[in-house]
Amino acid sequence: MPQMNMVQAINDALRIAMKRDDRVVVMGEDVGRVGGVFRVTAGLFDEFGDERVIDTPLSEGGIIGAAAGMALYGMVPIPEIQFSDFIWPAYDQIVSEVAKYRYRSGGEYPCKMVIRTPVGGGIRGGHYHSQHPEAQFIHVAGLKVVCPSNPYDAKGLLLASIEDPDPVLFFEPKRIYRAAKGDVPEGAFTVDLESAQVVREGGDVTIVTYGAMLYECLDAAEKVAGEGVECDVIDLRTLWPIDVTTLTESVKKTGRVVIVHEAPKTCGFGSELVSLICEKVFYHLQAPPKRVTGFDTPFPYTLEMEYLPLSHRIVPAVLETARA
Amino acid sequence: MTMAAPNPTPADRSTPGPLRVLLEDGKLDPEHDPKLSLDQLVQLYEHLVLTRVTDERLVTLQRQGRIGFHIGSLGEEAAIIGSAYAMREQDYIFPCYREFGAALMRGMPYQRYIDNMFGNANDPVRGRQMPDHYTCRAAKFGSVSSPIGTQITQAMGFAWAARIQKQDLVCLSYFGDGSTSSNEFHNGLNFAGVFKAPVVFFCRNNGWAISVPVERQTASRTIAEKGIAYGVPAVRVDGNDLFAVIAVTRDAVARAAAGQGPTLIEAMTYRMGGHSTSDDPTRYRPQTELEPWVSRDPLERVRAHLEQRGRWSPAQEEALRTRIDAQFKEAVAQAETTPPPALDTLFDEVYGTLPWHLEEQKRELLAGPRAPKAH
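Protein chains in written order, with this note's numbering: chain Y, 1 to 324; chain U, 1001 to 1375.
Chain Y extracted, bound-state conformation (with noise of 0.2 Å):
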């Protein structure tokens, strides 16, 4: 089995798809002739041509109503927004048109299409090249959002938001494009959304988290465990709909939850998870829900280490959930 990064991964999944539906398109700034500038595209601009792997004006708002009105007309456009950061002025089609579409035409036009986009820090990218907007999407309803963590999910997922019938968010975390290595099958082949995986397993504490803090994560259990703390650490995969009984069943074992994401804390996914949390297994709790989050401030330059929920933040947030 070929050993993939997340680049090579998405690009596998990229081409696999093109190549079986000549209805799929990849469209976005610089996706063609470069391949994307982490080049995640590269070599399909040589393999399926300029019509199916477009190069497009510099516009966001531009490349996701364009790929709307191919969606409409039956294709299965793949825009990509080169940095999430830059994905605001699409908003307004993306929450207002592309997920809305099947509903307000009472089902006469879906509009289907992934929206590829990388995000996170850790980069060393500054406010503008680092945030993790997923609970902006997440809010929206007729989206669905997801956010893999290593090279065979980001490949199975992305190849099963394809095929979903349904608008998708792919968030791809980019710190760990290149770092996340692993066995991936070659061929065709789908991990289900709303899928979340137990990716470590411990009865005293669950940690909630997805994309590259997962390895973060990894690493605070398995210092925990030097201190006889044991944990279920889940990686969510598809955000929403999320897996809601992995994450329930988890927390009625553990009684004890900690949720890691970079995105500010306010508002953030993590409050949504411990409201579920709260509202379905509430008297299974033995302490408090924790969330180690980014700050509620713009996502800093110089100081981004201090600013992500990296493990020795979340060490100490599972001691004292653990010892509540």
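Calculated from the structure, these hints are not laboratory results.
Across the chosen pairs, the derived CB separations fall in these ranges: (1) U:K1166 to Y:R15: 20 to 28 Å; (2) U:S1220 to Y:E186: 53 to 61 Å; (3) Y:R178 to U:R1088: 45 to 53 Å; (4) Y:V34 to U:W1356: 39 to 47 Å; (5) U:T1353 to Y:L285: 26 to 34 Å; (6) Y:E279 to U:G1065: 35 to 43 Å.
Simulated coverage check for chain Y against chain U, where a stretch passes if three residues somewhere in it have a Cβ under 8 Å from a Cβ of chain U: (7) 55-67; (8) 87-93; (9) 100-107.
All C-beta atoms, glycine included, are put in the ideal place defined by N, C-alpha and C.
With chain Y's structure known, arrange chain U on it following the hints.
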């Protein structure tokens, strides 16, 4: 020493006059005559009247409190009916929100339109949107949304997709002069220019965006000249001249279908009514501004032409209006007695299949108390 001449104001510069085919004397300019048969012309006139009468009746219905809202096309019927008529069977229309006349002409059933006004169980969009936010894919007519201009870029994408898939299909997008200030106007025209998408951008320049006059939308002398910057050929047309609108739209469709790319059409017309039933135009525009447009009424002009050619009489006019009245009354009676959409349809079609959280919320709604009847 002499004073330098002041810079010319935009008004001093000449602007290209809009194309006109139906002349003052009721005759047609042979150079641009779209050469409609008299039967076709009668049919078109009937659509114009259907649109006008339906519009007027819906305003009354709203004033009576029987529907919540209506957004009409009073005075702009020729721009709408003429352009929609010029589209071929396979072509698609991406509407703004004033073009119900086009949807009806393209085949949206009259009853479904009136159902949409009531948001009842037979409304094609199941009561999910305000009145006048209908959809009819069977008529190759898009879905109406309220945010300005979003359909412009989508029409471009739809047309572009058809070209990539090698289908002979042209899209037309409607929008008003206000929309030309939006990001989407820029995105749509820019992308279409770059990719030579087979799309027709049809601007109903009706002078007003709610209370804001077109001079507050742009310092350009015309909307049409904006096309130049995008490499998109543009044309100005008398939007109250059914013949001229058909002629320029047909040309634009032919260019698009021949692979020559997009066209921007600026149809000069006038919004004779308020923005919608929620608007009171007497608060911001003098009645005198309407007067010259009354004599340019697009319906009167076609009728005068038909009468001149001996193909229309007052008796026919009366019969037509009686027929439309009856059609309207019947549709309203049916729509008004149709129940609202079933409660569980609230959750349908948010996604392709119902996810667990909506399933949960649906159960909660169905098991819970019912809301008081607000309207």
